[in-house]
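**Q** Listed here are the chains, written in short residue letters.
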Amino acid sequence: MNGRACRGACMAAGAVALITSIAWSDGDTERLRARLDPQTASEVGRVVQEAREAGLPADALVSKALEGAGKGAPGPRIVTTVKQYAMALAGARDALGTSSSSTEIVAGAGALMVGVPPDSLARLRATRPGKPLVVPLVVLADLVARKVPASTATGTVLAATRAGARDTDLLALREGIEQDIRAGVPPFNAATLRGRALAPGTGAMPPARRIP
Amino acid sequence: MIPDREVERAVARAYREAVPIRPLDTPGLMERLASTPAPRVSRGWFDFGVGPRGLTLSPALGLAAAVLLLMVGAWAGGRFVSRPAVSSLPAIAATGTSQVVEFVLVAPLAEHVTVVGDFNGWDPAALPMRRAGKGGTWSTAMAIPEGRYTYCYVIDGRTWLPDPRAPLAPDDGFGLRNSVLLVRSGRSS
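For the record, the sequence lines run as chains A and B.
Numbering follows the working numbering, with no gaps: position 46 of the first sequence is 46.
Numbering follows the working numbering, with no gaps: position 99 of the second sequence is 99.
This is chain A alone, in the form it adopts within the complex:
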């Protein structure tokens, strides 16, 4: 390919990207204006545009704003929540790496927002280089949301992934811990006992029992 053709291809690609961005922006603006008051829609739109320019999954921010509208939240609350979410998305992208998928970044933001420290996300990425992290991140966020201490939840998920646990194993782990917690087992104990079942060499353990 000569230089002229290369320049033409670059210009065409740039034009396509610009048109796509404008089309997305217009779509977002329409969706926001349809559900939010003008001032809230404008402020949220600005956050969304900045996130898109930063390469973050901005659709998640639009969805968060629409969620706030659906739940009847006041405009300022929606703006604040969207800004916090944007910061979480940026933090997740930094922790997981720029090559992470949009879904991974969204799942990572969920983990950060529930209290998982950013370095846990980076360690999780290191255990599964080049493989999807969505399920481990969702499981991690779920455990912390169920009052499992963040360090314990991180250790449990990290140990399981290091042991080669598949996504289905991690989802089964989550369900088991959830059942134990519902049965009255303290979250820390439930996560620790169930996590050992996925660790190498320990074999399967029975479900944890209620501690009197």
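Since no wrong hints were added, every one of them can be taken at face value.
Computed list of lysine to any residue pairs in SDA-like fashion (alpha-carbon distance at most 20 Å, straight line):
hint	chain 1	residue 1	chain 2	residue 2
1	A	Lys83	A	Gly115
2	A	Lys83	A	Glu50
3	A	Lys147	B	Pro162
4	B	Lys134	B	Asp156
5	A	Lys83	B	Leu176
6	A	Lys131	B	Arg184
7	A	Lys83	B	Gly173
8	A	Lys83	A	Asp94
9	A	Lys83	B	Arg177
10	A	Lys147	B	Arg177
11	A	Lys83	B	Gly121
12	A	Lys131	B	Thr97
13	A	Lys83	B	Gly175
14	A	Lys83	B	Phe174
15	A	Lys83	B	Asp171
16	A	Lys147	B	Gly175
17	B	Lys134	B	Val104
Source of the hints: derived by calculation from the structure; they are not laboratory data.
Only a predicted model underlies this, so the values are computations on that prediction, with no experimental measurement involved.
Start from chain A and add chain B according to the hints.
**A** Showing chain B alone in chain A's frame:
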């Protein structure tokens, strides 16, 4: 010195001896006490509310009260909790990377149930559920592209209910909780 054994025997003997009871020199005292009414203690409304008291119920009335309490509990439980459950199906009709996901909720006393989430713009009117039979089971299905979504149910337009069987999402920023739906190739969870 008296041996300990002797002392113990002496003490035991003393304890075993009958004690002479001197008759009361006030004849009719017990009868007078029995016929005297107990003094009335003035109880305020506070004492009436918090003081312990016995409640006499006939078996039939107790049974009726128990049945009434059970009915109230079932009504409240069905109205606000109602054993929600979600079941995800394998792809019924995969279109590209989308999977058809079925949402199922058991809410016997609900009059209207919808599913809202990232996949339908959180529009309560976008995905109404249909009641299946008389069992209070509501269901609906939707083709959803692969990805991670947050969602919840809206019962009668006012109760936002996360799916307790699904992974929890963090606080939504608006004071409520959502559930997480993962749609992956070949399955959802």
